[in-house]
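Peer 1: Here is how the chains run, residue by residue.
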Amino acid sequence: MEKNPLYSNIKEYCDKYPSKAYNIFQTYIDLYIVKKWKDIKFIDLKNLKTIAFEINNNSEENEKSIVIPVNINETWSIKILNETFQDLGNFSSIIYAILSPDSAIVYYRISKGIVPPLKLKN
Amino acid sequence: MLIRNESISNETIKLENNLDVPACVIISNKKSIKNCWNNGFYGKGNLSRSEPDWTERILKDIIQKNSGHQTIINCLRNNPKQVNTMNVNKDSYRFLNKLNNTSITFKISKSINYNKQLLVEIQSLGLSLIQDLFSIIFNPYKFFNYIKNICENLIIKKVKQKCIKSSDLLNMEYLQLDLVEAFFLKYALNCISIKNKNKEMSIDNCWNKFRKDINNPADLFILKYVAYHYYRSQGWIVKEGLKYGVDYVLYQKGPAFSHSEFAISIIPVLEDQDNLNYINKLPTVHEINCTNRVCNQVLKKLVFCYIIIPKNINLDSADCLKMYKIYEVRLKRWNPDKTRN
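Protein sequences appear in the order of chains V and B. Mapping of the first sequence onto full-length UniProt numbering: position 96 corresponds to residue 96, and the numbering continues sequentially without gaps. Mapping of the second sequence onto full-length UniProt numbering: position 183 corresponds to residue 183, and the numbering continues sequentially without gaps.
Since the hints were made in silico from the structure, they are not lab data. Check each hint, because a few of them may be wrong.
[To be verified] Derived contacts from chain V toward chain B, CB cut-off under 10 Å, selection only:
no., residue
1, 3
2, 6
3, 22
4, 34
5, 56
6, 94
7, 97
8, 99
9, 100
10, 102
11, 104
12, 106
13, 113
All values reported here derive from a predicted model rather than from experimental measurement. Glycine is no exception: its CB is placed at the ideal position from the N, C-alpha and C atoms.
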């Protein structure tokens, strides 16, 4: 992990939350290298004890999206989801990056309330 | 990170994330990666869908972006020596010059598709053999492709040289082994050695470190390992099934050959003569329907794998795994309309 050239970008975050270091690292390189979203900002989520990524997705109407890496074994509750939405402020939906132990990542979008399907810019 | 560069019987692999239960086991040595993948499809490239071929894909992308007439022309201009020495007869230059001077016009069939500008460039560089000249006349498209291939090979060579010099490209991707896979290679096949902070781990070390709760006979690692060992020893290639909503998917030959045929969902049961004592809540009929629907959509057959956990078992060593039993149930949707006759 440390040998990867991109590790230096997120070293401080991995050191801050060492138990989530693998999740943060794998999600970061998946977004940066595989999905090629170069413009990534970091948001510290203290109550979830992890780092969220803010990405600019130009093909969707709401350009900015938040990606939160989670383990496959984590438990969620409506309360935690509510708190996360509150902490993040004005985002109406969050993308959860669910990491499987073999480095595959499955992304799910959770929106606040009932929303119509996302419109894509043409 | 220390990797010994020998056959699969002596791979050295690093443990990731030393706190509590490690996240995974990583192989970075290219030869070891090839060994692990080619001898049973173990692991997954962390930047790829299965085989760790991120570097090859990036090079392909670069080449695709760099092919096209203008690039080929530039390539020819910048490397006349290299292109000239490929299959060119120097006597033919004189013949070509003669032809140019006598200004004979050649009839080229209209149905053949070719790029006039490119051909002019090629000719102006004095590249042709007498054979080449005939191909320009009779089959300019084939000749054009031939020159295009030469140029593409040159571009690939240059790009590869640039990239391979920088170790960044090589260190980007590694092969990631699940804890279960790594334990199988260590315990069942004994063909790798796992290192944590440069200290080699024994089977007992791994057995204790990989489990979250060492007193729980229904620990997730044990359940997953029992199923993994069971199917692997029958010759199936076993891979993670998160994308399909199940625990594992089984391949008959491997991910490179065909899609997986079976989807395995694990249900743990405590052994009890009198009544069935399920560890977690059994999936409801509704959930079973949902899982089955997903599996049908991806053309996989759903199998429920009951793992029967023995009572009062000693978890000190990995030998306790022999006491676990497996019972399988295959689920298939029955449509009364379609099966009437």
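Peer 1: Can you verify the interface hint for residue 113 of chain V: is its Cβ closer than 10 Å to any Cβ in chain B?
Peer 2: violated (23 Å)
Peer 1: Do the numbers back the hint for residue 3 of chain V, that is, is its least Cβ distance to chain B under 10 Å?
Peer 2: holds (5 Å)
Peer 1: Against chain B, is residue 100 of chain V within 10 Å by beta-carbon distance?
Peer 2: Since the shortest Cβ distance to chain B is 4 Å, the answer is holds.
Peer 1: Can we keep the residue 97 of chain V interface hint, with Cβ of chain B closer than 10 Å?
Peer 2: violated (12 Å)
Peer 1: Close enough to count: is the Cβ of residue 34 of chain V nearer than 10 Å to one in chain B?
Peer 2: Result: holds, 5 Å to nearest chain B Cβ.
Peer 1: Does the nearest C-beta of chain B fall within a distance shorter than 10 Å of the C-beta of residue 22 of chain V?
Peer 2: holds (4 Å)
Peer 1: Taking the least C-beta to C-beta distance, is residue 94 of chain V closer than 10 Å to chain B?
Peer 2: violated (19 Å)
Peer 1: A closest beta-carbon separation below 10 Å is what the hint needs, so does residue 102 of chain V meet it against chain B?
Peer 2: holds (4 Å)
Peer 1: Given residue 106 of chain V was flagged as interface, is its beta-carbon under 10 Å from a beta-carbon of chain B?
Peer 2: holds (6 Å)
Peer 1: Would the hint on residue 6 of chain V be counted as holding, given a Cβ-Cβ threshold of 10 Å to chain B?
Peer 2: Since chain B brings a Cβ to about 8 Å from residue 6 of chain V, closer than 10 Å, the hint holds.
Peer 1: Take the shortest C-beta to C-beta distance between residue 99 of chain V and chain B; is it under 10 Å?
Peer 2: holds (9 Å)
Peer 1: Hint validation: residue 56 of chain V versus chain B, beta carbon distance must be below 10 Å. Holds or violated?
Peer 2: violated (21 Å)
Hint violations for this structure: numbers 5, 6, 7 and 13, all remaining hints satisfied.
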